[in-house]
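Engineer: The chain contents come next:
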Amino acid sequence: MELQQSMSIADKLKILTDAAKYDVACTSSGTQRTNDGTGIGSCAQAGICHSFSADGRCISLLKILFTNECIYDCKYCINRRSNDVPRASFTPDEICTLTMEFYRRNYIEGLFLSSGVLKSPDHTMELIYAALYKLRTTYRFQGYIHVKAIPGTSQELLERLGFLADRMSVNLELPTAEGLRLLAPHKTRERILAPMRLVQNRMEENRQEIQLYRNAQRFVPAGQSTQMIIGATPETDFQIIHVAEALYKKFGLKRVFYSAFVPVNEDTSLPARTGEGPPLLREHRLYQADFLLRYYQFQAGELLTEKDPNFSVFLDPKCNWALRHLEVFPVEVNTAGYELLLRVPGIGYRSAARIVKARRYGKLDFGDLKKMGVVLKRALYFLTCGGKMMYPVKLEEDYIARNLLNVKERLPEGADGMTYRQLSLFDDARFGSMSEKGGTI
Amino acid sequence: MKTIYICTDSVTGIFSAVYEAWKERRREGASGIAIRGSVEPQLFCEYREIPENESRAEAVVRMILTNLGRDVYHHIYYAALSRDDEKGEAILGTLLAARKLGQPRNIMEHLGNPAVEKVFELSRSVGNEAHLLTGFVRFRELENGILFADITPKNQVLPCLGAHFQERFPLENWMIRDKNRSMFVVHEAGKRWVLVQEEDPEGRMDEQLLHLSGQEEKMQALWREFCDTIAIKERLNPKCQRTHLPLRYRPDMTEFAG
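Protein chains in written order, with my numbering: chain A, 182 to 622; chain B, 413 to 670.
Since the hints were derived computationally from the structure, they do not count as laboratory data.
For clarity, every value in this text was computed on a predicted model and none was experimentally measured.
Positions of the beta carbon are idealized from the N, C-alpha and C atoms, including for glycine.
Careful: at least some of the hints might be erroneous.
Chain A residues, not near chain B, derived (Cβ > 10 Å throughout) [said to hold, decoys possible]:
#, residue
1, T219
2, C255
3, P267
4, L279
5, T318
6, L379
7, E385
8, P402
9, N584
Per the computed footprint, the stretches of chain A lying under chain B, defined by three or more beta-carbons under 8 Å from a beta-carbon of chain B, are [stated by the list, open to error]:
#, region
10, 237-249
11, 282-291
12, 352-358
13, 369-376
14, 511-520
The calculated lysine-lysine pairs, modelled on DSS-like cross-linking and capped at a C-alpha distance of 27 Å, are [stated by the list, open to error]:
#, chain 1, residue 1, chain 2, residue 2
15, B, K530, A, K544
16, A, K558, B, K435
17, B, K591, B, K630
18, A, K551, B, K530
19, A, K538, A, K558
20, B, K566, B, K414
21, B, K512, A, K544
22, B, K512, A, K538
23, A, K558, A, K569
Could you put the whole structure together from the sequences, leaning on the hints where they help?
Structural biologist: Right, here's the structure in full:
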């Protein structure tokens with residue numbers, strides 16, 4: 182206790198930022214709010230990035246923990262009870278000062294407050310509530326607030342909190358209940374899903390209240406999100422993407438975030454350190470698949486099967502799907518439906534919408550497509566314009582796969598080692614692992 | 413013979429020139445607009461200097477708003493803020509093209525027209541830079557409580573930022589300086605923002621800026637500490653950082669300066 186009293190706000194900020202950095206989802210999107218003239222702050226629908234850290238992730242919110250003291254002992258977490266790390270807790274006033282002073286200088290778009298569990302979930306959430314209440318009422322702060330809900334918090338407290346925050350999220354932590362049992366012995370799947378369901382129901386009620394009374398208070402207007410750790414437990418991509426799909430469909434989540442596992446603890450239940458770094462390519466493929474679910478009308482079952490449960494290392498999930506369904510292609514740009522255009526590699530949801538709009542005025546050719554933002558080097562194998570393909574190409578899986586591999590894909594740094602590898606006579610090991618994982622060649 | 417109207421590099425200036433060109437009702441291609449200081453003389457051209465005229469510029473704005481609508485006006489206004497020298501020509505071309513349409517409000521969809529495409533491109537690049545700067549602007553608190561920020565943008569984005577920060581900080585006194593153009597947007601608590609052009613050859617301004625408030629250095633240190641700590645070192649990726657936050661913005665940002 183003495184240690185804590187002597188601690189300056191700078192020390193606390195360092196400890197509690199360091200402890201919060203593994204949380205993903207620093208987004209500030211989903212709410213549009215103008216200032217009412219009595220305080221400070223506003224929100225932009227698309228969100229605003231204020232800076233970018235050295236790992237290339239956006240800094241939009243002041244992402245901190247309320248406290249890194251914790252009664253739980255989750256094996257993947259730096260703040261687990263049995264770890265000997267410096268501990269600190271903010272007071273509600275300190276949180277308000279930091280948020281207000283940073284916000285005034287335009288450093289941040291708002292606050293992202295997460296926390297370890299101090300004494301009990303209710304006790305911790307009560308302190309967080311006190312901080313947010315003060316921020317919203319005393320300081321009239323109208324910027325963005327994202328708050329983590331701790332599983333096990335009472336229903337009544339979560340409801341009160343939801344009226345102060347823009348977004349609430351409950352961490353799923355690990356994709357399956359089994360993984361959770363193994364690595365987070367104090368958490369259960371049911372206890373995590375319960376607050377998610379509560380927020381979902383309350384948001385639904387709130388939508389009706391707003392229709393009746395225009396000035397009704399908004400409950401979690403930017404919706405809820407969640408995150409899970411990838412690569413700490415032996416789940417396949419197939420399982421993970423199915424879980425994500427279920428969350429979108431059954432819980433109405435705005436986003437599911439994936440976080441490549443970074444080993445911070447030594448524990449027999451965790452995967453051994455390999456020296457390869459976090460599984461960034463896998464995380465990247467999962468995000469690509471996640472976008473296919475949310476924007477491209479794909480179903481999880483179409484992307485992967487139980488027999489072939491992981492994404493290809495070499496090709497992105499959309500190209501992979503297209504190669505396995507060559508019977509659908511080529512697609513005629515001037516007549517194909519929006520849903521079908523969405524499935525063509527190289528056509529995004531924006532360019533698909535532009536195509537549908539522009540072809541009302543006249544026939545499109547490949548030059549027009551290029552102007553609309555279609556990536557032709559990828560799309561040319563799957564498209565016809567006025568019945569003609571761009572070049573004479575064979576609709577053969579091997580041929581197209583070979584050519585698509587020559588088109589360099591933009592991958593996050595650290596995840597791109599194997600794609601550009603020079604072929605050599607003695608180097609077929611990689612191809613072995615590819616047919617296992619991707620099964621395309 | 414082609415007539416080229418030469419105007420000052422400001423929204424009012426360009427709209428004043430549009431007024432003149434519009435009034436003479438010449439056919440397309442027979443008139444053009446150039447920005448003073450960037451005129452490349454051509455043969456068989458008549459040049460005419462157009463002074464800024466508030467009321468004429470307002471008439472053009474009214475004309476655009478009633479006939480073409482708010483969205484088109486937004487594109488044209490943003491294009492007029494661009495640093496591109498051919499913006500006047502593109503704006504005039506777009507307006508003349510709209511005159512021939514049955515539904516002139518859809519003019520921005522006619523991207524086949526080179527002038528419309530140019531306006532669209534300029535408006536998008538100004539909009540992008542303004543959006544990035546709504547995040548990247550860094551205020552510092554001066555001794556007298558005023559929040560001050562420096563920016564060095566390519567385009568003239570101050571008006572866009574003024575509107576954004578007035579919404580965000582209505583009860584603060586703040587000020588943003590465009591170092592490339594010696595222009596300021598100034599906001600007094602509770603009032604509307606104003607745009608001011610002021611040269612400061614003796615650097616008196618810079619001297620005043622050295623007097624920071626008591627808390628300022630501490631807050632800057634806290635913010636630098638935060639930005640350093642939040643990065644996960646196992647995932648370091650400076651290339652990705654550079655694509656999202658180009659180097660040219662960094663000299664004005666607290667976390668990268670010093």
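Engineer: Run every hint past the structure and note whether it holds.
Structural biologist: Evaluated hints:
1. T219: 8 Å, violated
2. C255: 18 Å, holds
3. P267: Since the minimum Cβ distance to chain B is about 13 Å, A/P267 lies beyond 10 Å and the statement holds.
4. L279: Non-interface label on A/L279 violated, nearest chain B Cβ at 7 Å vs cutoff 10 Å.
5. T318: 16 Å, holds
6. L379: Its Cβ never comes within 10 Å of chain B, the nearest being 30 Å, so this holds.
7. E385: Check passes; 30 Å lies beyond 10 Å.
8. P402: 18 Å, holds
9. N584: 26 Å, holds
10. 237-249: holds (count 7)
11. 282-291: It holds, with 7 qualifying residues against the three required.
12. 352-358: This one is violated; 0 residues, fewer than the three required, reach chain B with a Cβ under 8 Å.
13. 369-376: Not satisfied, violated; 0 residues make the cut.
14. 511-520: As far as the region 511-520 of chain A goes, the hint is violated, because 0 residues have Cβ atoms under 8 Å from chain B.
15. B/K530 with A/K544: Answer holds: B/K530 to A/K544 is near 23 Å, not above 27 Å.
16. A/K558 with B/K435: It is violated: about 48 Å lies between the C-alpha atoms, which goes past 27 Å.
17. B/K591 with B/K630: 26 Å, holds
18. A/K551 with B/K530: 17 Å, holds
19. A/K538 with A/K558: 23 Å, holds
20. B/K566 with B/K414: Status violated; Cα separation ~31 Å.
21. B/K512 with A/K544: 23 Å, holds
22. B/K512 with A/K538: 22 Å, holds
23. A/K558 with A/K569: Cα-Cα ~16 Å, so holds.
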